[in-house]
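K.L.:
For reference, the chains in residue letters:
Protein chains: 2
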Amino acid sequence: MSRPHFARWLGQTNDVTQVFLAAGQIPDLINLAGGLPEPETWPVPELAELARSAVADHPGVTLAYPPIDGLPGLRDLIAARFSTPALQLSRENVLITTAGMQALDLLGKVLIDEGGLIAAQSPAYLGALDAWRPRQPRYRPLQMGANDFDAEAALSGAQFAYMVPNFSNPTGRLVGLAERHALIRAAETTGTWLVEDDPYGALYYDGAPLPRLISLWAEAHPGPYSGPIVYLGTVSKEIAPGLRIGWVIAAPEMIAALTTAKQASDMCTSGICQQIVQDAFASGLADRIRPVILDLYRARRDALCAAMDAHLGDLFDWEVPVGGMFVWAIAKNPALDTDRLLKVGLDHGVCISPSSVFDPLGQDRRAIRLNFTLNPPDKLAEGIRRLSAATRTLAA
Amino acid sequence: MSRPHFARWLGQTNDVTQVFLAAGQIPDLINLAGGLPEPETWPVPELAELARSAVADHPGVTLAYPPIDGLPGLRDLIAARFSTPALQLSRENVLITTAGMQALDLLGKVLIDEGGLIAAQSPAYLGALDAWRPRQPRYRPLQMGANDFDAEAALSGAQFAYMVPNFSNPTGRLVGLAERHALIRAAETTGTWLVEDDPYGALYYDGAPLPRLISLWAEAHPGPYSGPIVYLGTVSKEIAPGLRIGWVIAAPEMIAALTTAKQASDMCTSGICQQIVQDAFASGLADRIRPVILDLYRARRDALCAAMDAHLGDLFDWEVPVGGMFVWAIAKNPALDTDRLLKVGLDHGVCISPSSVFDPLGQDRRAIRLNFTLNPPDKLAEGIRRLSAATRTLAA
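Residue numbers (UniProt numbering), protein chains in the order written: chain A, 1 to 396; chain B, 1 to 396.
Only chain A is shown next, with the shape it has when bound in the complex (with noise of 0.2 Å):
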């Protein structure tokens, strides 16, 4: 007999990734395509001893089943690092999740019936996408930045808005302060959730960091937070990835719902990576680590930015990012179909993410996202290199 066929959001998902996945084969690669950040920036000493107490000081706390929301002091001390004098967030806005990830799957759970709709910076986070496609949502793209951009509009009837104001992942985009007053007041006049994604917002590389959407909408409405913005944090960025800890800080009934859909997904997220964050976040040590990690990436995003300017300037436009991981290129000729310069550009010892997978339509093809966190600077200008060769084969 036939086996049951799979779910049909299954057969929905792009071919690309297999191309990644086939590419870590590749010897001598230089991969400007992924996300990832710099091992040599990870605190080990520290986190193995935090590792090693976290079990030891607290079992009853690391090795039983953890609150299904978090546990209770690393949720107040979130929910103390984020509040200011106008947003006053207790324990009831903060859900602790297995890394940013898990707080997309979850909103894509409690908001998102089959065919609901979802108002999305385009282009927009792949792994939001990802998390979003099990629901089978209608996206409506936001083309936040241009001159015509309504933000009530763009929000009206969407079950909610999704966006990374901070280094848009893939543009590293900044949201400028006129246009988050104006998303701020989009949210208000139609209800709809905001979702505001942060993962890059510890990188700041250049002047002084904008506030936040919720800090915003808190400015208007200050007191006990209940307002419509949905923040999302991580340490995967400020301390180490594999810890897989982020948070959620919203309303105190999205965070009911969020924490329903938890208890349906992994019932709760390891304790003791939990409490490692807890004592990572309470002894300083997030806050020592920053400054480090801060200069190594504006060194890494000047280097590449040099060597696009040595390499690439005819071929491609870009703006240089005010933080985050990193920059995207527009290929000036509008022929170029960036699917092809992937691999290409394997062919010449060189990866990068083309545009498509970012479009919530799939149908982008003439843009490129390049990562400048993970690669020393000699590596990042021969990457460019390789990637100019690469494309001018393509246009020959």
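Be a bit skeptical, because a hint or two may be false.
Stated by the list, open to error - Listed next, with one range per pair, are the computed distances between beta-carbon atoms:
#1 A/Arg-3 - B/Arg-8: 40 to 50 Å
#2 B/Glu-38 - A/Gly-362: 48 to 58 Å
#3 A/Pro-224 - B/Glu-38: 36 to 46 Å
#4 B/Glu-38 - A/Ala-178: 39 to 49 Å
#5 A/Pro-291 - B/Pro-72: 51 to 61 Å
#6 A/Lys-343 - B/Ala-22: 24 to 34 Å
#7 A/His-221 - B/Ser-226: 51 to 61 Å
#8 B/Arg-8 - A/Gly-223: 25 to 35 Å
#9 B/Ala-178 - A/Asp-339: 47 to 57 Å
#10 A/Pro-291 - B/Ser-226: 27 to 37 Å
#11 A/Pro-224 - B/Pro-377: 43 to 53 Å
#12 B/Pro-376 - A/Gln-25: 51 to 61 Å
Claimed, not checked - Which chain B residues stay away from chain A? Per the calculated CB distances, all over 10 Å, these:
#13 Arg-3
#14 Arg-8
#15 Leu-77
#16 Gly-176
#17 Leu-210
#18 Arg-340
#19 Arg-366
Don't read these hints as lab results, they were simulated from the structure.
We put the beta carbon where it would ideally sit given N, CA and C, even for glycine.
Use these hints to put chain B onto chain A, whose structure you have.
P.N.:
Chain B only, in chain A's frame:
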């Protein structure tokens, strides 16, 4: 403006969980309702040292993003541990999950479109019903053990069948060898996926373990495994639940589909926890603590059943379970409403699980589930005395 509504399935959870949560606040309550292990069985110093060395000795593995499908070494170890002369497992047959609960969530994602049919052992594990609710399935209850149980009719046309052959949660029932063979034959003739959830497989207190369904399948189909049995395991009962590590053993095509779903759910499971479990298995730690756990739980099962004989013999019928964590007791009086007994029991200082929460159709109100692993013998006996008094109050 009003906020968008939550997804439909969120309106379909019952309120018993709220009663349980409120019960946690009652002083001196004896909790026979949960499914928690005894914390004194956890090897705290050994796990603390493994946690330290996981980070200190393997930072490139444990602090990075682990592979979506799990650490290769841990997958190999699970494959070797469950292989038999006929059942040839390799890494491609194994997916590491964020404990058993995530495996259930992933199965729902890859096999259920809205309205899809699940054939589920009835009564069924509450967590499985929770995990699949967001996919909005239909259920066919399997009355396993009934004289007229027809395995082929039970499985036919379902996306998958779900069962806990070793000491079902909630009933503690062991599926016998003849019935296991019938299920295997039915899986072959119908083609239906058969999910063998086995969290209690290491908890046999009397006699030799029966062969797993996946092993029986392989006896008839020896060689590299590609059969319809999907086996789920976890360290929650063997080592400690806070590690949040489980695994799926299945045909490579199923592992591939589940891996796509896992990428979309939490990207990967904590490398620290995976490395701890890999080292705990490799060093024999799990094997060393098993006899201690078995002796402790066997004595507690006997203490609970002795107290039941003394105080509940005229009120309930039950069988002494051969293993697992639970005794299932069915009221002699068909008019007894165990949802009400939960509430009256709380007034008497004892908490039990009513059968309604384990019924896929939510209707069975005649039985209760009693846990014997968490409390020492004297507390178990006192809990049963309180339950006897509560039941008599309700009957009066």
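K.L.:
Each hint needs a verdict: does it hold in this structure or not?
P.N.:
These are the hints, each one checked on the structure:
no.	hint	in the structure
1	A/Arg-3 - B/Arg-8: 40 to 50 Å	29 Å, violated
2	B/Glu-38 - A/Gly-362: 48 to 58 Å	52 Å, holds
3	A/Pro-224 - B/Glu-38: 36 to 46 Å	40 Å, holds
4	B/Glu-38 - A/Ala-178: 39 to 49 Å	59 Å, violated
5	A/Pro-291 - B/Pro-72: 51 to 61 Å	35 Å, violated
6	A/Lys-343 - B/Ala-22: 24 to 34 Å	59 Å, violated
7	A/His-221 - B/Ser-226: 51 to 61 Å	57 Å, holds
8	B/Arg-8 - A/Gly-223: 25 to 35 Å	32 Å, holds
9	B/Ala-178 - A/Asp-339: 47 to 57 Å	56 Å, holds
10	A/Pro-291 - B/Ser-226: 27 to 37 Å	53 Å, violated
11	A/Pro-224 - B/Pro-377: 43 to 53 Å	47 Å, holds
12	B/Pro-376 - A/Gln-25: 51 to 61 Å	55 Å, holds
13	Arg-3	5 Å, violated
14	Arg-8	6 Å, violated
15	Leu-77	19 Å, holds
16	Gly-176	25 Å, holds
17	Leu-210	26 Å, holds
18	Arg-340	25 Å, holds
19	Arg-366	26 Å, holds
Checked against the numbered hints listed earlier, the structure breaks hints 1, 4, 5, 6, 10, 13 and 14; every other hint is satisfied.
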